[in-house]
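Since the structure of chain D is already known, use the hints to place chain B on it.
There are 2 protein chains.
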Amino acid sequence: MATGTLVSGALILFLVVFLVTGAGNAINDYFDVEIDRINRPDRPIPSGAASAKGVFIYSAILFFSGITLSLLTNAFCVAIAVANSILLIWYAASLKRTPGAGNAVISYLTASIFLFGGAYAGPDGLLVVTPLALITFFAMLAREIWKDAEDLEGDLAQGAETLPIRIGVLPAVRLGFLFLAGAIFASVVPVIWWGPYYLAGIACVDLLVLWVGIKALGCKTAACLKKSRVTTLVKYAMFLSLVVFAVSAVLL
Amino acid sequence: MATGTLVSGALILFLVVFLVTGAGNAINDYFDVEIDRINRPDRPIPSGAASAKGVFIYSAILFFSGITLSLLTNAFCVAIAVANSILLIWYAASLKRTPGAGNAVISYLTASIFLFGGAYAGPDGLLVVTPLALITFFAMLAREIWKDAEDLEGDLAQGAETLPIRIGVLPAVRLGFLFLAGAIFASVVPVIWWGPYYLAGIACVDLLVLWVGIKALGCKTAACLKKSRVTTLVKYAMFLSLVVFAVSAVLL
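Just so you know, the protein sequences line up as chains D and B, in that order. Each residue of the first sequence is one higher than the one before, starting from 1 at the first, in my numbering. Each residue of the second sequence is one higher than the one before, starting from 1 at the first, in my numbering.
Next up, chain D with everything else stripped away, as it sits in the complex:
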């Protein structure tokens, strides 16, 4: 029996995400082989578990399977699957040597899962999930930058180049605050669909987020930021905004 009707859209989307992510990991191993030979000798290629050519072919098979499978969904989802594949290859080949690029790529890829799920329902679905994707992207980006600021000393000792190492802790903290403010703005948009009840719920979360952001702004050093626990609090707030979004989607 053909499974187009039996294997649900949710499973197909999950498989596409799984395959494209796996392909991205493999192509990263392929491009990183010289660095891994020194820093990560346990990785598949340096350890001899796989040949570089084999990993390249394996990655190509996974990208091809993921994109082929996305053809069962719709044009929006295919576009996202193709865009994410290109981004993963670009990141592995060169983008990751730009400080901050890793933070942005991870934040986008996580946010794109929401876009992917919404796009499956067509243009209207994509529209509804876009604020959620923007909240996720901005809040994760702020959190990633602050986490890098917290890890400054360890990263310096290891010779890694992160955004806070490049621009300094205080500018990084302020940049993170700007992104967090972006998340707050994005979170207000769904008020146009869900009205005052949503507004009441999201306002509580946004006040928490604002308090976290102001707390972080008071820090000029990595130690201060670590002690303030703002990265943990942002994680909590992200989940809570998801709860408000989810409850609104059910009730309103």
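Hints are computed from structural coordinates only; laboratory data are not their basis. Do not take every clue at face value.
It does not matter which identical chain is meant; a pair holds if it fits inside one copy or across any two.
Heads up, simulated DSS-like pairs for lysine-lysine below, C-alpha to C-alpha not over 27 Å straight-line [as the list claims (entries may be wrong)]:
#1 Lys215 / Lys226
#2 Lys235 / Lys96
#3 Lys226 / Lys96
#4 Lys235 / Lys147
#5 Lys147 / Lys96
#6 Lys53 / Lys215
#7 Lys147 / Lys53
#8 Lys147 / Lys227
#9 Lys235 / Lys220
#10 Lys220 / Lys147
#11 Lys53 / Lys235
#12 Lys227 / Lys53
#13 Lys147 / Lys215
#14 Lys53 / Lys226
#15 Lys96 / Lys53
The structure presented is a predicted model; accordingly, all values stated were derived computationally and were not measured.
Then chain B, alone, in the frame of chain D:
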């Protein structure tokens, strides 16, 4: 506007998985507070970022939101969301002190994502994805046990109790082989739907898996297992069986 029609099933399923998983992490932090105070002082409760009571309430909100949201899907998906929630609470409260339970729970939770996606399409969808869930469960369980066998010395030094520490490396290696054989058996089942082309594809992967299993069986020590790279190879094989499954779902 109500979003039942706009926010697609895929996104709802993703949110349910996200919320229930987040709830499971939080309840684990709640029950682990005494151990974390010594081993993981950076976790939210020992570090003072959150109160134990606050984390408990936060976890309850996430479980409640996840299960409430699952009511938008169907009875199968609700049953899986409830079962996974109970399992996560049971695991955090007591099950994790049983060696091997962690391996089994992680393997089941990963496999259950496939069940969840299939169940959304109803009984027939659930039937089609069950072999894939079983392959994932068995192969991950074998891999988790072998990974614990590889980490024997480090775990012993840290006073952690894993299955290979309890039963010995060789019995653990053999147990892993049995689970891997279970994955091979499960992988053959879809032949009844997809016929000889699927059989040809999955036979290639299964021969690789069998070779990996026989390679592992030759090891009596953690060092030998590590050197054999069998855990990396099982990971590759899991992805490849997913590719065969995905391609069959599209073409057959």
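*Looking back at the numbered hints, which does the structure fail to meet, lowest number first?*
The structure conflicts with no hint, since it agrees with every one listed earlier.
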